Structures are given as C-alpha cells and as structure tokens.
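J.: Those sequence lines, one after another, are chains G and S. Here our numbering = 1-based position in the first sequence + 906. Here our numbering = 1-based position in the second sequence + 906.
Treat the hints with care, as some may be off.
[Unchecked claim] Listed next, the in silico BS3-like pairs over lysine-lysine satisfying Cα-Cα at most 27 Å (straight line):
1) Lys-1229/G <-> Lys-1317/G
2) Lys-956/G <-> Lys-1168/G
3) Lys-1042/G <-> Lys-1238/S
4) Lys-1007/G <-> Lys-1229/S
5) Lys-1171/S <-> Lys-1042/S
6) Lys-1257/G <-> Lys-1245/G
7) Lys-1168/G <-> Lys-1317/S
8) Lys-1252/G <-> Lys-1168/S
9) Lys-931/S <-> Lys-1042/G
10) Lys-1264/S <-> Lys-931/G
11) Lys-966/G <-> Lys-916/S
12) Lys-1377/G <-> Lys-1387/G
13) Lys-1143/G <-> Lys-1377/G
14) Lys-956/S <-> Lys-1339/S
15) Lys-1239/G <-> Lys-1238/S
16) Lys-1042/G <-> Lys-1143/G
17) Lys-1168/G <-> Lys-1143/G
18) Lys-956/G <-> Lys-1239/S
19) Lys-1252/G <-> Lys-1042/S
20) Lys-1317/S <-> Lys-1042/G
21) Lys-1252/G <-> Lys-1239/S
22) Lys-1264/G <-> Lys-1317/G
23) Lys-916/S <-> Lys-1264/S
24) Lys-1264/S <-> Lys-1337/S
25) Lys-1264/S <-> Lys-1339/S
26) Lys-966/S <-> Lys-1257/G
27) Lys-1257/G <-> Lys-1042/S
28) Lys-966/G <-> Lys-1042/S
29) Lys-1264/G <-> Lys-1042/S
By construction, these hints were calculated from the structure, which means they are not laboratory data. Remember, predicted model here, so these are calculated numbers, not experimental data.
2 protein chains.
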Amino acid sequence: MAKELKDLTKRSENYSQWYNELVVKADLAEQSAVRGCMVIKPYGYAIWEKIQRQLDDMFKETGHVNAYFPLLIPKSFLSREAEHVEGFAKECAVVTHHRLKMSADGKEVVVDPAAKLEEELIIRPTSETIIWNTYKNWINSYRDLPILCNQWANVMRWEMRTRLFLRTSEFLWQEGHTAHATREEAEEEAIRMLNIYGDFAEQYMAVPVIKGVKSANERFAGAIDTYTIEAMMQDGKALQSGTSHFLGQNFAKAFDVQFVNKENKMEYVWATSWGVSTRLIGALIMAHSDDNGLVLPPHLAPIQVVVVPIYKNEEQLAQINEKVAGIVSSLKKLGISVKYDNSDNKRPGFKFADYELKGVPVRLVMGGRDLENNTMEVMRRDTLEKETISCEGIETYVQNLLEEIQANIYKKALDYRTSRTITVESYDEFKEKIEEGGFILAHWDGTPETEEKIKEETKATIRCIPLEGDKTPGKCMVTGKPSVCRVIFARAY
Amino acid sequence: MAKELKDLTKRSENYSQWYNELVVKADLAEQSAVRGCMVIKPYGYAIWEKIQRQLDDMFKETGHVNAYFPLLIPKSFLSREAEHVEGFAKECAVVTHHRLKMSADGKEVVVDPAAKLEEELIIRPTSETIIWNTYKNWINSYRDLPILCNQWANVMRWEMRTRLFLRTSEFLWQEGHTAHATREEAEEEAIRMLNIYGDFAEQYMAVPVIKGVKSANERFAGAIDTYTIEAMMQDGKALQSGTSHFLGQNFAKAFDVQFVNKENKMEYVWATSWGVSTRLIGALIMAHSDDNGLVLPPHLAPIQVVVVPIYKNEEQLAQINEKVAGIVSSLKKLGISVKYDNSDNKRPGFKFADYELKGVPVRLVMGGRDLENNTMEVMRRDTLEKETISCEGIETYVQNLLEEIQANIYKKALDYRTSRTITVESYDEFKEKIEEGGFILAHWDGTPETEEKIKEETKATIRCIPLEGDKTPGKCMVTGKPSVCRVIFARAY
C-alpha cells in the first residue's frame, strides 16, 4: 500500500484533518508562499477544467456570452452602493503604489514613495461595481437589453482563516452579470441560473442540493434576493455551493444606468449576478470521498478509467500491451478518458493505492491468467467491488458502469442527506439535535434578531428557505411568533 | 451604410487611428475606468476563446497540463534572480494593505493603516518566481522531471503608454513553465513551443512569422536565450507575437531547486518559460483588416458565416426562413459556426456593413429571386467578391470557401511581408530605408553597443536573428566588424 494512503487520517477520527490531508495527498492543491492563496496542482486543475467546460456550455446554451473586466477596482466604486460597501470593502487587497525601486544600499527592492496612486485600487472581491460602471456606456435603450455576460476570473477576499478550496484569499470563479428591462425578466434569470447550478451539482457533481432563498442576514451585500444551492457534507455540515442574486435596481441606481423603455420613458435597469467557484471542488471531495481517498463522479473525473497490467516478464507485458491497446482505443472512441499505466518504476499494488487515492472511477487490470482467458478484472472505486469480465464487449460494460457509479454516488449522498435531515418542534430539541450535525427543518419568525440569537447560541445558521417542499405555516421555535414555513438550519462551512 | 463604418478612418490616412477606432467600433474592447486596463467585450473575448481552445489543445497534445499559481508574489521573490528583478521590479502594482474602513466622517472608505502588510505583494508581471518557489517542493529526483505546466492567467505590468490589446497594464495570457533534468531537453522544449507558436500563428491566425532568437538587449530578464515569432503589420512595423525562453539554471539557482540525477548527484534543474497573450488579437487585426473593418481568419472567427434574408413581406420571410433553416443546419453539422440574422429592426444594408465591420468571413444572402431560383448570393469578406450559387451543395461550397479565404489572407500577408523585406549593405542605406518601414536584413557585429546606437539613431531594433535562411557571414553595416549572419531590423510595436 502506498505510503500516502497509509497515512491518511480516517474520517471518523478527524473529518477536518482527513479533508486537509486528502487535498494535498491526492495532488489537488497546496498552500502557497502567499498567505491564504493556494496553488491548484494539475490534477486539481483538471477537475476545474471539466467543471468549467460543462458550466460554460450550459451558460452558452442559455444565451450567455463571456467577456472580461478589469482585475482592479477604484476604491470609490465600492462606496457607491451602500450595502455592497459594507459587505466587501473590508478585508481586501489594496494596491497603493505602481513602482518598486532599488533600495539605497542596492540590496533589495522597495516601494517607490513617488509612485503612490492618486486613488487606491482594490483587487476585485466581486465585480458588480466595475461592470455596472461599464454597462452604463453599453445601455441606452431597451433594444440594448438584455445583456447576458459571464466572466471566468480570479477574485480576492482577504480571509482570516483559510482552507484549501473551501475558503481561500484568492479563488477562481465565474461571475455572471446580467442587465434586463423588467423586474420579471431579471427575477426569471436569477431563478434560471439557480436551476442551472442545481442541475450541474446533481447531474455532474452527483451532489444533491436544496434550492432556496437566503434570509436577510445571509443575503449578498447589495441584493434584493439571494438564491442558493446548499449541499450536505459527510460530517453533516452544510456547504453553500452556488448563489444567484436578484439585484433589483440597486447597482443601476448606484452607477446611474438608465434606459429608454418601450413607452419612451427613462427607467433604471434591472440586474442579476450569479457565481460558483473552485469551492465546488471542496464540495465534491467532502461529499463523496472515503478513507481510501477521493471518490470522483465519472462525469467530472479527469481520468475515468485506468488500466494496469500485471506481468511476469517483458514478453508477457508485450502481449498485454497489444491486447490492451485495442480496448483503450475503443474506450476512447466512446469518449471515455483512459490512462494505460504500464510504467515499470512502480509495482501494481502501489499503482492500485495511488489511483484509489486519486478517485479514478474504474480500474481495469490484466494479468497473465486474464490474457489466457480473454478477461479483465474490473474494480469500481465507489464500492471497491471487483469482478472478472470478458474482454468481449467490455467497452460497453465500462461505459454503463461509469453511469451506474455516477448514479450510485448521487443516490448515496441523497440517502445520507435524507437520513440526516430532521424536523424539530422546540428550541430545546433543536439545541440538542444540532450538536449531531445534519439539516434541521424548523419554524422561525422571519426576523434577523431571532436568527442572530440562534446563531450565537448554537452556531447554526439558516441555510435557506427552501423553494420546494412543505409550506405549512407554524410557530417560531424560539419566540412562538407566526412562521410562514419551515426553514433549513445547519452548521456550515 | 452603417454610421460606425462610415466613420472609420482609412489606413492610409492614419494607420494608428484606424486601429484604435476599429477595435472599439467592432466591439472588441474598450478602455475601462482603471488606467491602462481594458474591458474585453464579448465579441473580442470570443476570438480569445477560440485562440485559447486551439492553443490549449496543442499544448496538451505535446504533454502539457494546466495548473494555477497565485496572483500575488512576495516582493522579496523578485530580488532573487538578479536580471529578473531589473526587468520586472519596476512598474508594477504593489499591494501594501489588506483592509479598508469607513472614514471618520462616514462618507467614504479609506485604507486602514493598521492593516499594513509585513511584506508588500506584487501583482504578477510574470510567474517564474512564484512557480520556481513552488517547484522546489515538487522536485527531488530525476523521476519527478520533466514538469510541463501551463497556466492561463491575468498579469499586470504598469505600462505608461497603453493601446488596446497591444500594450495594456492588465492582460490575459498563458505562461508555460517547464522543468527538466538536462540542458538539451530544456533547449528542445523551448524550440518545441516556439514551433507551436509559429504553427498556430500561420495556420490559425493566417499570420506569417519569422522565428528567431533575440539579441541580448531584447532578451527576457533572466533568460539565457529568448526565441520569438515576429510578424509584420500592414504599416510595415514588426509585432513580437510570442516568446519562448530557455532559462538555463537561473531560476533553479535563485530558488535552490536541485534534484538527484541518474548518477545520484545533486544538480540544478533546467527551465523554460513561454507565453502568448491577448496581444495576438491586436496582431490579427493589424495583419488582415481593411478600411471596411475587420477581416478575420475563418479558423478563429467567432461567426464564420452569416446568413441575411431580404424580403418584401412576412410571407416571403417565412418562406426564406424555412429554406434557410436546412442550410444553416447542414453547415452546423459540418462544424461551421453560422448566424442567421432575420432580426427585423435593422435593414439589410445596415446588417451588411455591420458584419463587414465585424469581419465575418462569408455572408450568404437570400432574396425573393434567390428563393425562386434556389440560389443564394455568397460574399467573401477578404476580397468582397460576390457570386450567386445554387443552394444544391452550397454547404460544401462554403466549407471550401472558408479554407480558401484562410489560405488567401495568409498568402496576402506573406506577399506583403516579402514585398517589404529588403537587404541593405550600408548604414546610410539602412537609415534611408528604415523610414519607409518593413523588415531590413543587415549585418551587425553582435554587440549591444552597436544595437543601441542603431536604435537611438533610427528607432529600429533587432527583431531577431532568424533561425532559418541565409547564414552567410559579412561585415557590420555600422562598425565594419565581422558579422555571423544578417539579422532582421524593424521598427516595432
């Protein structure tokens, strides 16, 4: 067994440590020399590329186009929208100078005080301000609307406590920013993108999510409504995995973006924004992986199938190479990404453990006896079950198996969530149950004060007011005041 | 004729102004609120996406993988490599603080002096330093080599004079950073990537390039050798379009990256880096476009074919819609990107001018008579020639025409370059001819002093010492000293 795997902490021992170790041991990412910023290693980045490609296709199918806006935002832009500045003009990276020079002793470079900027620039924590300042020049009439732009970019929020993928100072994301002529159209867009995120999470990440709307406390700074997809991790904690905001006319008013409507009257433009980030990789890992390493959903696995030969001598290897070549080529024709690992500097046992650690969904092994029998051993990563299968038609078998694994890990995550979602009636019961983790459906009076009190006393937050499900009214578990429907509480990442 | 087009300055009047106007009028990019930083608009970004996709495929075919390294670089890292710091630790964006707070009067946000960073961070102007600091942890033995990483990223160099795409403070690029066990392997890699850039420029951008090595004056700061592809624009000026650097062991020594080689001895790692940027879009525009607007090479055009109906009434439009639908669908099946523009708020003449401005390679028009005759009018953007073609087999005709246009604009650019490349024997002749622009092949004694003198007196620089072509030695046109071969001089962007 590979050393890396032997050392992996078990989830039951220390879930948090298991996660931190796994990200590093599976070669996904590591801390960099810059506080809170990560290096995304090739294997981790390959997952991000798969995520990007799929989401980008889904955005384009719904009429969106990509563009690119500046990394730096003039400080004064942040102040234009009153709530936005509260939310984002805090911990951020501030550029104050534009030149370095050699120090007097010639030993190092120092900031040139003569190169102080007139106005400081902020590395974008999100781009609503710079984009709406740009949209002002693009929009005159209802004929210029809608604008449906997305950008793939890096952003920076100076986080105090960081964890790889889950919370880093710099992260990669996409941010959609749309402009509409009517409130209805903007609200529809916000919901449309929420649904795309939901579909993506469930169909590609194999992570079931609850779609809902955030309470005022948890809303994006500057939004009228923030929609969210919330996933449950294997420790019962919630992970907010994507958000879509209906921004109303807030940014249009802040940047004076008006248009002539069909009735020939000036009106402020309606807006949405929506984003998902490299945090999704954290969600993937925490939702499915186990004590042997990553379990990747086939739809996003960089390598879907690994083929390993077991051989006694060069002659046998040559025979296996020949036999396997046809199968690898047929698998590739089916659009499956396959790696044939016949490297001779690692033993099969090491390779097995390594590909398990890396979460490759299907492993095929061909040994001497398989060669004679025209078979291969097939192992599926999700259950670790092995079967011996005839090489005749093995390509179709593997293709179907990949879909079965995809469905199975989704179902497993869904069953887990179901088993850890409960309903409580009293605050005492809530305080007891929240210690065990999971999602708790409870009645709440709709006030920020009650939410704040619950958060302070239990560390649980309202993850969302679900869009679907039971809408029976009741009484707040804390204050006894009327509640419109149950909301979902959880401790969250 | 569309207003935008009518207003376009002619190349012969003012080439520089023609370029600046065209970039904006064709909706490619615009200046942002942040000095020197551009907004890449959806149409311009669509070209960048095509460039990215193709280059990324070429990188992956040659064994490279993508990764992501931090945006910010500790100031001290820049000082580690003596020449690198000279080249890059000058005009750059310096992050000095990590927090904003409300001003005492509550009217604006100000930098919080309490949040001063211990060490300033620089927004990457290029990533050799942070990457080699990372590679230190990845490399122990020759078994860990080669490392063949690329990243797609934004970088920032605080430029004093900026022009959209050609020179902006922030730009998008890819930067490959490879690590090798031997000098030979690293040198081969640098040449391999130069050739990929050359192939891409010629086969996709339709821009002929001269491959060569830079003189010491023009070398990347920290490189042993800088290879370049140099293109000629329509004003006879050179545009450096991509560079590939053999870095020797300079960065390995600066960041102490050693490995145990096959002889079990410690050795410093050998390196390359290579990059192309959004500047390529500037090259595309300046190499091919004309007084009517953009001329895009079909291999990179976001819309390859536009179809416009001309109709008398709704009934006729319905008939054209039906007829065109089949053709559009067949073209798409051939992998051709087609837009059918039957929008009713613009007249055909406006559409024609607009798609000419946007450089769509092929325009198909169907009017009432075409409907009767089962024909369409085909216009090719490069020559503006029109033909009437039967709808039978028009898909194949268009497919072939796209390739013909691709080949034709390449040939046109190549013929132009050939006609404006001359050989001179004396410095007097050189000084006279350089005023007319173009590439001048001349002998040079190989010293930085002579190169500097020529630059000061004529504004011409050595673009490269060509890898191929005449290698006859001679005498320097300035000093009369021996010259190994002719080098290419030009005024450059």
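J.: Now tell me, hint by hint, if it's right for this structure.
T.: Evaluated hints:
The hinted pair formed by Lys-1229/G and Lys-1317/G fails the criterion: a straight-line CA distance of about 35 Å is larger than 27 Å. Distance restraint check for Lys-956/G and Lys-1168/G: the Cα-Cα separation of roughly 42 Å exceeds the 27 Å cut-off, and the hinted pair is therefore not satisfied. Between the alpha carbons of Lys-1042/G and Lys-1238/S the distance comes to roughly 35 Å, so the proposed pair goes past 27 Å and is violated. Distance hint between Lys-1007/G and Lys-1229/S is unfulfilled; the C-alpha atoms sit about 67 Å from each other, more than 27 Å.
A distance of roughly 17 Å separates the Cα atoms of Lys-1171/S and Lys-1042/S; the hinted pair therefore holds under the 27 Å criterion. At most 27 Å may separate the alpha-carbon atoms for a hinted pair to count; Lys-1257/G and Lys-1245/G meet this at roughly 12 Å. Restraint check: the Cα-Cα separation between Lys-1168/G and Lys-1317/S comes to about 49 Å, which exceeds 27 Å; the hinted pair is violated. Between the alpha carbons of Lys-1252/G and Lys-1168/S the distance comes to roughly 17 Å, so the proposed pair stays at or under 27 Å and holds.
Annotation: proposed proximity of Lys-931/S to Lys-1042/G holds, straight-line Cα distance about 17 Å (limit 27 Å). Between the alpha carbons of Lys-1264/S and Lys-931/G the distance comes to roughly 49 Å, so the proposed pair goes past 27 Å and is violated. For the hint pairing Lys-966/G with Lys-916/S, the CA-to-CA distance comes to about 36 Å; that exceeds 27 Å, so the pair is violated. With a C-alpha separation of about 16 Å, the suggested pair Lys-1377/G and Lys-1387/G falls inside the 27 Å cut-off, and the hint holds.
Between Lys-1143/G and Lys-1377/G the CA atoms are separated by roughly 24 Å; this keeps the pair inside 27 Å, and the hint holds. Restraint check for Lys-956/S and Lys-1339/S: not satisfied, since their Cα atoms lie roughly 38 Å apart, outside the 27 Å limit. In summary, the hint linking Lys-1239/G to Lys-1238/S is supported, as the alpha carbons are separated by about 22 Å, within the 27 Å threshold. This hinted pair does not check out: Lys-1042/G and Lys-1143/G have alpha carbons roughly 41 Å apart, beyond 27 Å.
Simply put, Lys-1168/G and Lys-1143/G have alpha-carbon atoms about 48 Å apart, too far for the 27 Å limit, and the pair is violated. With a CA separation close to 24 Å, the supplied pair Lys-956/G and Lys-1239/S stays within the 27 Å bound. Only pairs whose Cα atoms come within 27 Å are accepted, and Lys-1252/G paired with Lys-1042/S is accepted, the gap being roughly 23 Å. A C-alpha spacing of about 42 Å is found between Lys-1317/S and Lys-1042/G, which places the hinted pair above 27 Å, so the restraint is violated.
Distance hint between Lys-1252/G and Lys-1239/S is unfulfilled; the C-alpha atoms sit about 45 Å from each other, more than 27 Å. Of the supplied pair hints, the one linking Lys-1264/G and Lys-1317/G holds, its CA atoms being roughly 21 Å apart against a limit of 27 Å. Among the hinted pairs, Lys-916/S with Lys-1264/S is consistent with the structure: their alpha-carbon atoms are about 16 Å apart, no more than 27 Å. About 38 Å separates the Cα atoms of Lys-1264/S and Lys-1337/S, which puts this hinted pair outside 27 Å; it is violated.
Between Lys-1264/S and Lys-1339/S, the direct Cα distance comes to roughly 35 Å. Violation of the 27 Å bound is thereby established for this hinted pair. Straight-line distance between C-alpha atoms of Lys-966/S and Lys-1257/G comes to about 23 Å, which keeps the hinted pair within the 27 Å bound. Under the criterion of a C-alpha separation no larger than 27 Å, the hint pairing Lys-1257/G with Lys-1042/S is consistent with the structure, at around 25 Å. For a cut-off of 27 Å, the pair hint linking Lys-966/G to Lys-1042/S is broken: about 40 Å separates their Cα positions.
Our distance criterion of 27 Å between C-alpha atoms is met by Lys-1264/G and Lys-1042/S, whose separation comes to about 23 Å.
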